[in-house]
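Trainee: As you go down the protein sequences, you meet chains A and B in turn.
Just so we're aligned: 328 in the working numbering is position 328 of the first sequence, and the numbers increase by one with no gaps anywhere.
One gets the working numbering by counting positions in the second sequence from 1 and adding 1000 to each.
FYI, nobody ran anything at the bench for these hints, they're computed from the structure.
Just so you know, not all the hints are guaranteed correct.
[What the hints assert, rightly or not] Okay, the calculated beta carbon distance ranges per label pair: (1) B/A1073 <-> A/E370: 43 to 51 Å; (2) A/D31 <-> B/F1025: 21 to 29 Å; (3) A/F53 <-> B/S1013: 21 to 29 Å; (4) B/H1033 <-> A/S296: 41 to 49 Å.
Built from N, CA and C at the ideal position, the CB exists for glycine as well.
Below, each chain spelled out in residue letters.
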Amino acid sequence: METVTQDILAAAYLIASVSYILGLKMLSKPDTARKGNIIAAIGMALAIFATIFLYSENGNPVGNKIYIFVALIIGTLIGVRAARTVQMTQMPEMVSLFNGMGGLCAALIGIIEIYHTQSTEKTKLLAICAGLVIGTISFSGSMIAWGKLTGRFSDKIFPMQQFLNIGLMTIILVMAGAIILSPVVNPVMLYMELLLCVGYGILFVLPIGGADMPVVISLLNSFTGVAAACAGFLYNNMAMLTGGILVGSAGTILTILMCKAMNRSLTNVLIGAFKAQGPKEAETDNGGQIKEVSLSDAAVMMSYAKKVMIVPGYGLAVAQAQHTCHELEKALEEKGVEVRYAIHPVAGRMPGHMNVLLAEADVSYSKLLEMDEANLEFSTTDVVMILGANDVVNPAAKNNKLSPIYGMPILEVDHAHAVIVNKRSMSAGYAGIKNELFYEPQTSMLFGDAKKVLQQLVSEIKAN
Amino acid sequence: MENFFVSLEHLISVQTVYIVILMVFLGIEVISHVPSILHTPLMSGANAIHGVIVIGAIIVLGKVESNNIPALAIGFTAVLVGTLNVVGGFVVTDRMLEMFKKKK
Chain A
1 METVTQDILA
11 AAYLIASVSY
21 ILGLKMLSKP
31 DTARKGNIIA
41 AIGMALAIFA
51 TIFLYSENGN
61 PVGNKIYIFV
71 ALIIGTLIGV
81 RAARTVQMTQ
91 MPEMVSLFNG
101 MGGLCAALIG
111 IIEIYHTQST
121 EKTKLLAICA
131 GLVIGTISFS
141 GSMIAWGKLT
151 GRFSDKIFPM
161 QQFLNIGLMT
171 IILVMAGAII
181 LSPVVNPVML
191 YMELLLCVGY
201 GILFVLPIGG
211 ADMPVVISLL
221 NSFTGVAAAC
231 AGFLYNNMAM
241 LTGGILVGSA
251 GTILTILMCK
261 AMNRSLTNVL
271 IGAFKAQGPK
281 EAETDNGGQI
291 KEVSLSDAAV
301 MMSYAKKVMI
311 VPGYGLAVAQ
321 AQHTCHELEK
331 ALEEKGVEVR
341 YAIHPVAGRM
351 PGHMNVLLAE
361 ADVSYSKLLE
371 MDEANLEFST
381 TDVVMILGAN
391 DVVNPAAKNN
401 KLSPIYGMPI
411 LEVDHAHAVI
421 VNKRSMSAGY
431 AGIKNELFYE
441 PQTSMLFGDA
451 KKVLQQLVSE
461 IKAN
Chain B
1001 MENFFVSLEH
1011 LISVQTVYIV
1021 ILMVFLGIEV
1031 ISHVPSILHT
1041 PLMSGANAIH
1051 GVIVIGAIIV
1061 LGKVESNNIP
1071 ALAIGFTAVL
1081 VGTLNVVGGF
1091 VVTDRMLEMF
1101 KKKK
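Looking at chain A on its own, in the form it has when it is part of the complex (with noise of 0.2 Å):
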């Protein structure tokens, strides 16, 4: 009896296992991503139904059934709320929220299971810890990132810091090393270490830039599933090891991906050289004078043109202008524009996110077009709306090898015959650094918030 409810546990976690990569793999195409969700979502279901009714340690049974229901049943009414009622401009921190949820559950597994584990278990030992000390650093570190997303906290930098963050995780690794070979487990070690833990979590991402949160994000993602494979490995279980890994790997190659989009190294997002560069660089003024348009006159702008282009950017989504943004599509093309958005990999606040926004907003998909083909079109574009977009579009990318951002490939909406910037000030973007484009003949500013001025834009385009 024993052997065969083993073997049907071990049938479900294959089941899980396949559903994981079945659902990566179709969530990686439009067409199949919401099966693909769904897919992997009765995979993890099954296992952790099939774990209660059928999984045993040395003969004994899953107890505290009536606990276990309890909480699955509260995380679950919690976990659905929290994910219906999110804006969608606040995903980037709900993800991370849920993220630090994930690490929490591995360092709390890790602080039962020392108490358990028999000091000569060397390698189980090795295990716990191993997932205790990822999983306490990404619990801390994404409840930081959470919070600088939310505004809570600021970026905070202080001399050293690096120096500081090695130190840290080369005590943190000593102590870990002593908890595993010492014969007794010292409680006032294991909190320190804790507490190490927690303090190097902060530590590692405090320093980095708001807008590089996404990164880390992914990279704290990658953590928890490498925390998720240990406690694989500790209970020899086939679905937290196959998923963990999974998860480690796809999430550092994301991170990569992340990076490459912005092009910049993954060190360099760490260690945050994109501010310690900013001020050292040599700015050519060239004395130029920057443009307004007036609100109607952009309208009449847009309203004859054949082609107008919108970029949107992180001043959309601050705004919360989406909506008003598929409006504006609107009232163009009643008036026979052609509308199209020109969308940077790294527009908004994650990769991606940008793509959702608009489609929350009915935006059409095929009204999307990516970086490559955007700049393929702003040649034949009469007029370029950008909306609260900044460094996507900034040319020192292309022509000034001073420039922290050289080397980024942005969308070239100098191409395009005129150009609409509507910022809500002339303050520099996120890597602090000045736009040329503002500058150039046939780019016109219009300040304001970007829901407000489109808003007006809309009624002055059908009032034409």
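Given the coordinates of chain A, work out where chain B should sit on it, guided by the hints.
Mentor: Just chain B now, kept in the frame of chain A:
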């Protein structure tokens, strides 16, 4: 030290090593063909999948003695936050993807 390697063999079998290495490549392979528009939902979906850690929390809570209140509390919290990770992760991902589908 001998003990260490004996238990190492017990913990990490050859099959496990195979699985880990193949999974690493599979993860890389699956992700590297993703268009950038799907990065956010994908990250969110992967985030939900590592919520599989909740299974570990269930195993731990399942073997805690019923009179060990601190361990029960920690285990209970572990299952709760793990569930948050799984359920919240999948629901949020579904919400993002629902929008992609609507206007086909």
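Trainee: Each of the hints needs a verdict: does it hold here or not?
Mentor: Here is how each hint holds up against the structure:
no.	hint	in the structure
1	B/A1073 <-> A/E370: 43 to 51 Å	holds, 50 Å
2	A/D31 <-> B/F1025: 21 to 29 Å	holds, 25 Å
3	A/F53 <-> B/S1013: 21 to 29 Å	holds, 26 Å
4	B/H1033 <-> A/S296: 41 to 49 Å	holds, 47 Å
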